[in-house]
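Based on the hints, put chain B in the right spot on chain A.
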Amino acid sequence: MALLKVVAALMSALLLVQSPRASEYQVKAVFLFNFAQFVEWPAVPTPDPQTPVIIGILGEDPLGTFLDETVRGERLAQRPFEIRRSRELTDIQACNILFISRSESERVGQILAGLKNRPILTVSDGDDFAKRGGMIQFVNDKNRIRLRINVEAAQAANIVISSKLLRVAEIVRTSRR
Amino acid sequence: MTRTRTLFLTVLLAMWAVSARAQQRDSLQALKHLTLDQLMNIEVMSVSRRPERLFETPSAIQVITQDDIRASGATSLPEALRLASNLQVAQVDSRQWAISARGFNSTTANKLLVLIDGRTVYTPLFSGVFWDAQDVLLSDIDRIEVISGPGATLWGANAVNGVINVITKDAKETGGLLVTGGGGSELRGLGSARYGGELGAHGNYRIYGKAFSRDPTLLPNGQAAPDGWHMGQGGFRLDWDAPDSNRLSLHGDWYDGRIAQASPGHIGVSGGNVMAKWAHRFSAKSDLTVQAYYDRTHRDIPGTFGEDLDVYDIDVQHRATVSARHDVVWGAGYRLINDRVVNTAALAFLPPQVARQWFTAFAQDEIALASDRLHVTLGTKIEHNDYTGFEIQPSGRVNWTFSPSRTLWAAISRAARTPSRIDRDLYAPGQPPYFLAGGPGFRSEKELSYELGYRHQEGALVLAFASFYSRYHGLRSLEQVNPPNPTPIVIGNGQDGESYGGEASASYRITDDWQVRAGYTEVRVHIWPNPGSTDTSRGTTESHAPNRQLSMRSSLHLGARWILDGGFRYLGKIENQQLPAYAELDARLGWQPIPALELSLAGRNLLHEKHAEFGTPAARRGIQRGVYGMAQWHF
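Note that the protein sequences, when read in sequence, are chains A and B. So the first sequence is residues 1 to 177, counted in my numbering. So the second sequence is residues 1 to 635, counted in my numbering.
Bound-form chain A, shown alone:
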């Protein structure tokens, strides 16, 4: 029991030493939220100013509650945020931003083909996502998150990505292999 008390005290002491680091998916969740502010979707006729900005998550959700906590109470102009999760694309075709989980890596080609030119900003951290025709890819580089953006893919879907976002990203093209 004495040992446990020592361990407990030690644990509490260490708790106070806050780490400057964040968890990977916490940062990715904040990126996803930020993208909404750096992207322009094609104008939709008679939009209800209150229509939510929908962020879809396709496949096994690695973000947990991070994304929900990030967007809680936030608005883009007057539009609130809404998160939809699904294992099937057909269930979440109405979203503005679609995060495709690594669990769907094997069928990324199929998913992107299914979305072809719909005005949905596609984001994933799967390997080669941008080169395979995805719009924004998260790349882990020496414990930091980098962005890889396929501008052509975004243009094809009439999505305009702000130069502020492009400036910090690596630009790639779809590789035709």
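Read the hints as simulated data drawn from the structure, not as lab findings. Please read these numbers as outputs of a predicted model, since none were measured by experiment. Certain hints may be false.
One-sided and incomplete, this derived list gives chain B residues near chain A with beta-carbon spacing under 7 Å [stated by the list, open to error]:
#1 Leu36
#2 Asp512
#3 Lys573
By construction, the Cβ of each residue, glycine as well, lies at the ideal position given by its N, Cα and C atoms.
Chain B alone, transformed into the frame defined by chain A:
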């Protein structure tokens, strides 16, 4: 006492959970106010790529990740398996390990199914694993899934009390050159190299080689047992991620080892395997996997026996979401073995050479009910083997995710441990008159198991409990041929038994840099002879496992460059071996002065100069404290 401690720890963890949640929220708000540039300069911790659905699995599953293995400083597969608290792991001597789940442990433990990348590695000689011949490059491992309890329906025969599934990384994830070298006491030396690269537009490859040398363990009189061990292994893997939803994988390994022994000559183990796997996705709702492998083992234990084994295996599996409610998996498999034993004066397998085949088919339907909250999984495996004909192994499982963070599951399963050569063909001594005259009438051992489990995930805290009751029929026994004459004896199915117990595990990420874990397992096994049986062992040859075991681990990142990992374990006494309880501590300190280089210092079994984990007083070996240093470069 132990129970009080566990409870106390749980309460402490729950208290920290609350404060950590608050911290997470704060840091999230801070992150939202950063510019894109700033956000990109935030250092992140990678989360382990544990499949999320793990949480919903209706069985007692634990996952050992690559990060866990690396932080622990494990240098062999059995050492890594100690990280799963639902396994009973005991080191017997330098090369032998007794590994089991839910009791029934021995050096020839026979109720566990062990797979490496889909290749079954238990030997048809005794339905158990020669751990000295099963190795991988530990840095290639993606994860090890450990399931305690029956998994026979999906996984197949021998998954009576558990499944260990070692999964290595895709070649795409192991690019560049990785060189590891080090050594110390006990682990005298270990060196490995791996190189990976691209192969055309869609392919990746890796090749590796490793070698190690281990010190002998100690005899009961304190002298070194002559069991020093040298081993070398090499292999490759090709992954081809073709367009049109096809994936192709080809891998192989070769190994050669030498272990000293008391009798004249060295024990020699060598072998190799090659496997091809093809996965095709017809649509998002339907995919097919076909795999085939060949595995060859050579073993020579001078004075005891020699063996050459060839295994040929092919499996097909199809998964389909047939409707919104039904997720169906079905498959079929065929296995052929050709086993040739060289008999000695001490023992004989008769006939020396056999060819045996297995046919299997299985189907499982996962039915989603109550708006995806309730899942019922029904399935069965049908297997045909040359010994006992058809074996049917059905199971029914229910999991109820009654809130996003809480899952309750229950299962009823029937499993069979089919005969192996040791049950049917073993004679001793090597020539008549025999005192052990095989087991011509040995049938399968049958199990009916009931399980109930609960998982709770609250932010950084994960709790899991599993309890079980299993009833066994026809357990292996030693029967007198002409009672009351004590010999000769034959192997029969004269015993019944039951086992029950529980497994609890908790994992808590106190901060992003610090994770603690605890596991506690309690198992009871009772075995008794059936009316008419002349067996008097009461199971002492079938199960050697402690009644309880406790493990605690802490993994702490100290800044970006240092990592300190400690693992404490306590194992209760093994009564039928008069083996005392023991507690031991492993620790490792790793330092990354630059991202490409890691230096580490690790200590194993630090609390005592020597301790024993398995065996009767005369047979047991002293496992000594070991310290080693290691360097790893990644170019």
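Quiz item: Against which earlier hints does the structure fall short, listed by number upward?
Solution: Number 3 only.
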